[in-house]
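A.B. asks: So the chains spell out like this:
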Amino acid sequence: MNHTGTTTSPSTTDPGGPGERSGLALSGVTLRLGDGDSLVTALDAVDLAVRPGEFVAVVGPSGAGKSSLLAVAGALTTPDEGTVTIDGRDIGAMSEAERAAHRRHHIGFVFQTGNLLPALTVLDQLRLVTHLTRGADLARREPRELLEEVGMAHKADRRPHQLSGGERQRVGIARALMTTPSLLLVDEPTAALDRARSHEVVSLLARETKRSAVATVMVTHDHDVLAHCDRIVEMTDGRLSDQTAPA
Amino acid sequence: MFLALRELRFARARFTLMGGVVALIAVLMVLLSGLSSGLVNDGVSGLKNLPVTAFAFDEGTKTDAAFSRSVVDTAQMDAWKARPGVAEAEPFGNVLVNARSSRGVPIDLALFGVTPGSFLAPVAAEGGGLAAPDGIVVSASATDAGLRVGDTVTLDRIGTRLTVVGVTADQYTFGHVDVAFVPLDTWRRIHAGAGPDDQVRPETLTEATAVALKAEDKTTLDLAAGDKAAGTSALTLAASFAASPGYTAETSTLNLIQVFLYAISALVVGAFFTVWTIQRKHELAVLRAMGASKPYMLRDGLFQALVVLLGATAAGVLIGVGLGALISGGAMPFLLEASAVAVASALLVALGLVGAAAAIVRVAAVDPLAALGGHR
Ligand SMILES: Nc1ncnc2c1ncn2[C@@H]1O[C@H](COP(=O)(O)OP(=O)(O)OP(=O)(O)O)[C@@H](O)[C@H]1O
Ligand SMILES: [Mg+2]
Chain A
60 MNHTGTTTSP STTDPGGPGE RSGLALSGVT LRLGDGDSLV TALDAVDLAV RPGEFVAVVG
120 PSGAGKSSLL AVAGALTTPD EGTVTIDGRD IGAMSEAERA AHRRHHIGFV FQTGNLLPAL
180 TVLDQLRLVT HLTRGADLAR REPRELLEEV GMAHKADRRP HQLSGGERQR VGIARALMTT
240 PSLLLVDEPT AALDRARSHE VVSLLARETK RSAVATVMVT HDHDVLAHCD RIVEMTDGRL
300 SDQTAPA
Chain B
2 MFLALRELRF ARARFTLMGG VVALIAVLMV LLSGLSSGLV NDGVSGLKNL PVTAFAFDEG
62 TKTDAAFSRS VVDTAQMDAW KARPGVAEAE PFGNVLVNAR SSRGVPIDLA LFGVTPGSFL
122 APVAAEGGGL AAPDGIVVSA SATDAGLRVG DTVTLDRIGT RLTVVGVTAD QYTFGHVDVA
182 FVPLDTWRRI HAGAGPDDQV RPETLTEATA VALKAEDKTT LDLAAGDKAA GTSALTLAAS
242 FAASPGYTAE TSTLNLIQVF LYAISALVVG AFFTVWTIQR KHELAVLRAM GASKPYMLRD
302 GLFQALVVLL GATAAGVLIG VGLGALISGG AMPFLLEASA VAVASALLVA LGLVGAAAAI
362 VRVAAVDPLA ALGGHR
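First to last, the sequence lines map onto chains A and B. Convert by adding 59 to the 1-based position in the first sequence; the result is the number in the numbering used here. Convert by adding 1 to the 1-based position in the second sequence; the result is the number in the numbering used here.
Don't read these hints as lab results, they were simulated from the structure. Beta carbons are placed, not taken as given, at the ideal position from N, Cα and C, and that holds for glycine. Please note that a few of the clues may not be correct.
Claimed, not checked - Now the in silico label distances, taken between C-beta atoms and shown as ranges:
no. : chain 1 : residue 1 : chain 2 : residue 2 : range
1   : A       : S97       : B       : N256      : 19 to 27 Å
2   : B       : I328      : A       : T189      : 47 to 55 Å
3   : A       : R110      : B       : L311      : 48 to 56 Å
4   : B       : M2        : A       : G95       : 38 to 46 Å
5   : B       : T275      : A       : R193      : 27 to 35 Å
6   : A       : V99       : B       : V355      : 25 to 33 Å
7   : B       : G312      : A       : T89       : 50 to 58 Å
8   : B       : L299      : A       : M153      : 18 to 26 Å
9   : A       : L98       : B       : P296      : 47 to 55 Å
10  : A       : A255      : B       : V362      : 40 to 48 Å
11  : B       : L311      : A       : G87       : 23 to 31 Å
12  : B       : V260      : A       : T89       : 55 to 63 Å
Said to hold, decoys possible - Reference listing, derived: stretches of chain B covered by chain A, where coverage requires no fewer than 3 residues with Cβ under 8 Å from a Cβ of chain A:
no. : segment
13  : 5-12
14  : 237-248
15  : 279-287
Next up, chain B with everything else stripped away, as it sits in the complex (with noise of 0.2 Å):
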């Protein structure tokens, strides 16, 4: 390390020219891990805050359509209620609508349809829980796009007026949409398109979307043994968030982007150590004539990698952090998790080291004859 470190202060234009490189990687990298992880909140926090398991759509639904095309009945739930490790098998539903709110502001909302008193009830952290049938409780969201507890709102077509009775403390969005709980009978009219006055059909008043599954404590479900006994196909929490809409071509384009960018950090690191290498090479050539070991001479240089690595990828996250700080104000769906840049940070070094090692290994076939006889 004594001469590593040495060269790094000798060498400090050189190195902080590839650190640059490598910083603004690290910062882009900040910045699409929180978009990623916006995105993703933005796109499915109202299922991740569901204290839900699972959820059993109907036999072959299509994973990318689930939340839009399923329909479940009444045995299909009681199945489910029968089986051995659920807790709480409840109906649940779900359905995009435009709205306009009695301040004449058009929203959008993805209606849950929930059970009052079920487990998928909401918790309003103001106003009240679900009760009244034409009560709803909003995602913490809304109230950006101006909603607030007495507020009603008319639905697009049917003409179905809610009135916003309380607000949830989390943001619970769908699809980019603000979820609203909404109790499962009126969820049902919606659902079914009628308006206030219309007449449904019966059967439509015991339908839902799917089957939210609770298991007990410490219990895995046996999804597939469920699915035979209840006639339906489930997917657990996590699997059902491909079901949102757009979330499969938002996350993969996201993650290619980011493997890119290691890539391209990988090859600056080492097409920067492959010319310091080659540019010292007789250098390289004297130290292994005075009889300085290949390990020796590897670890040095690896160690300078190292040093670099991190001091570039620190400075990077943290201008990333800052300029996260600035943006996650605005529009842009913006939330940086701690674990996710970690790793992010973590992965920049690693692929960073593989690749200067790719160039430092050649470190020990120098050979040490080309010391002598002076520039040769």
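Same shape as in the complex, but just chain A (with noise of 0.2 Å):
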């Protein structure tokens, strides 16, 4: 089943609507946090592109400034220098609740431990998607359908305290692609999990990007895992520099 031909249909006028995929540039990128004598530059100069269906590894120390990188990558906050767009279109001209409805429209996230909200079934996860998203023209996943294609069909009516953690992401990376987002950002997602569902985990996410043809970037501190990764990018003290070859 190719899911991606739902995704390149002619674009409308909405601008909600599935648009034209160009996946992820930034370019020059600073963002600086904290205030005053506690000003620390997060991320200096930081220059990377995704392309759609690319599956783009970020790894590097604690505090290099990882998660910051999909902050902004991910249109959470905007940077103090440089340009993030996401399919051409540049979120530092665009107003709070612009980049909310981006976000919601264009961007999935994938988080730690799922993040999924305890008072909903696996399949109300999806369906909140749906129904933050109302009147917007995207190119929705029917819930039952993804729920199967992540291999969780069996638990749609599990609430999350009921499932394992490898579960847990599964569900959560069903979440994210629920609008067919034109990038996927995902942070340490195999950080509780062990080796095996570990692999099962970030295979998901390499077969999903694929399919979806979405830019995903992964910060992950799990170096078994990279092997699935299309590229690798270390940080280091809020710089990115290429390791292009997967370990």
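Can you join these two chains into the complex? Each is in its own frame, and there are hints to help.
C.D. replies: Rendered as structure tokens:
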């Protein structure tokens, strides 16, 4: 089953529509955090381009600025210098409300421990996305079908506390893919998982990246899973250096 | 509303606890409202049920003692009769007496002296109306005290004997005492403290407590101008309630308790939603990171509060009305008025929403950045 077909359907005038895909581009991005004396340069003139369907891993020591990179790329915050464009749209020029709309329509987040909402069943975690983006012209996925794809359909009625860490991550990934986003941002998805689960989760990410033609950036400390990625970049003290070949 | 309803179901124990407190407050509100209406009714129904627009008391009488101190004379009555817009102006007498019925029951009565056949004269549902000098028409509520048509009532000290000739359909009470309508001439003798065989000064036989006024249809009386012409201090019927014994003290105490209850309810709801919001800070950050807009999240939160408040208030009012039905048969003056209960419920919900809103606005301040990097 080829789901990329729906995402490349002719674009409409609606800003929430699928639009033309050109991935993520950061150029000269600098982000300073804190204030006054304790000002930290979390990102220092970072350039990064990720194509649709490309799976990029970001590695580096703690405090290097990896989460900050995701925050800027994901339109959670705007950089102090440089530009961030997602599918050709500059997020620096957007208001806070516009950035929120851009996130819900075009960006998928997968967080460290899944960060599912405790009150919702697995199926409802996905249906919430449909609800949040009501009225927008998006190529939405069918929740049950997507759960089938990540191998969680048999637990559609469970709540997060009844799932294992790996299962939660798979639901988190499915949730992030609901709107067929152009950008998928993943922060340490395997931090709480054993080796076998880690490989399952990251290979699922790799598969979905290709299948949905989404530009994926994954931050990880786990060098075992890098083989699933197309490209690895290393972050040290807010600077990026390329390491093209997977380890 | 998608998330709000599912959260209600998921955290039902917590929401039920909070809703329970609001429901208890609603029960208390209904009981207080019933007690309040009951007391007001017990205090001033005798005035409320008179077809009167305003009372004109003697000039300069203090409101809180007007019904016991004021004395008006014929000149003042005639001056009011001549005023434009006045349909009726009749002398009205009021005095509180202690008495004993022929069955030996001690009974307190508010004697309303009115001219038989005038617009103030009571309509008897049982027996007949005012006519004979010693005939009285008593409030329906006096039958609870054991008075029946045909009974005689002997006033303490002066020994005047009055006969119950009729009973009204409605309750007429004044200062928590049953009203007995008595012909004005008899009232004047009693007010002067004269027994059956005593002589009274002739001028007391022209006096009354106040001039009872009735405006012509669709006209508002110019009380100030009338006061000037007649040398009186007039109060509208509603304003004259404050001249009934204990009325102001009772209603202000009950109102104060109600205000406190509203405040407590708003604080309880506000405190609950503050804790609820803080507990979910990480979840809210995740929602914000997922792109949920601030208006969406505020609406969701307020909707949640509204559902709980409506449910809890409805449950509380139902229980309160049920309890009220049990109470209202007894000795306590208790009267449930649909409008009063509706206003109290609406206020409870509205103020609860204000409390919740004060907590829920914090949702907008949640930083979506907090969703990154696991648990910080
Ligand atoms: N809110 C903040 N205020 C000030 N400084 C911050 C803030 N958040 C992060 N920093 C600093 O910015 C730098 C980059 O932080 P970031 O969280 O991006 O690192 P990271 O690479 O994700 O680390 P980790 O691997 O531990 O998650 C660090 O030096 C950190 O101390
Ligand atoms: Mg991090």
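A.B. asks: Are three or more residues of the segment 279-287 of chain B within 8 Å, CB to CB, of chain A?
C.D. replies: With 3 residues closer than 8 Å to chain A, the segment 279-287 of chain B meets the three-residue bar; holds.
A.B. asks: Indicate whether the distance between the beta carbons of A:S97 and B:N256 respects the range 19 to 27 Å.
C.D. replies: violated (55 Å)
A.B. asks: Tell me if the beta carbons of A:V99 and B:V355 are separated by a distance inside 25 to 33 Å.
C.D. replies: violated (41 Å)
A.B. asks: Tell me if the beta carbons of B:L299 and A:M153 are separated by a distance inside 18 to 26 Å.
C.D. replies: holds (21 Å)
A.B. asks: Go ahead and decide if the range 47 to 55 Å is satisfied by the Cβ distance of A:L98 to B:P296.
C.D. replies: violated (33 Å)
A.B. asks: Within the assertion that chain A covers the segment 5-12 of chain B, do at least three residues meet a Cβ-to-Cβ distance smaller than 8 Å?
C.D. replies: Contact hint for the segment 5-12 of chain B vs chain A: holds, 5 residues under 8 Å.
A.B. asks: Given as covered by chain A, does the segment 237-248 of chain B meet the bar of three residues or more with CB within less than 8 Å?
C.D. replies: violated (count 0)
A.B. asks: Within 27 to 35 Å or not, the Cβ separation of B:T275 and A:R193?
C.D. replies: holds (29 Å)
A.B. asks: Return holds or violated for the Cβ distance of B:L311 and A:G87 against the range 23 to 31 Å.
C.D. replies: violated (54 Å)
A.B. asks: With 47 to 55 Å as the target window, see if B:I328 and A:T189 comply at their CB atoms.
C.D. replies: holds (52 Å)
A.B. asks: At the C-beta level, are A:R110 and B:L311 separated by a distance inside 48 to 56 Å?
C.D. replies: With a Cβ separation near 52 Å, A:R110 and B:L311 satisfy 48 to 56 Å, so the hint holds.
A.B. asks: Note whether the CB distance of A:A255 and B:V362 lies within 40 to 48 Å or breaks it.
C.D. replies: holds (46 Å)
Hints 1, 6, 9, 11 and 14, counting from the list given before, are not met by this structure.
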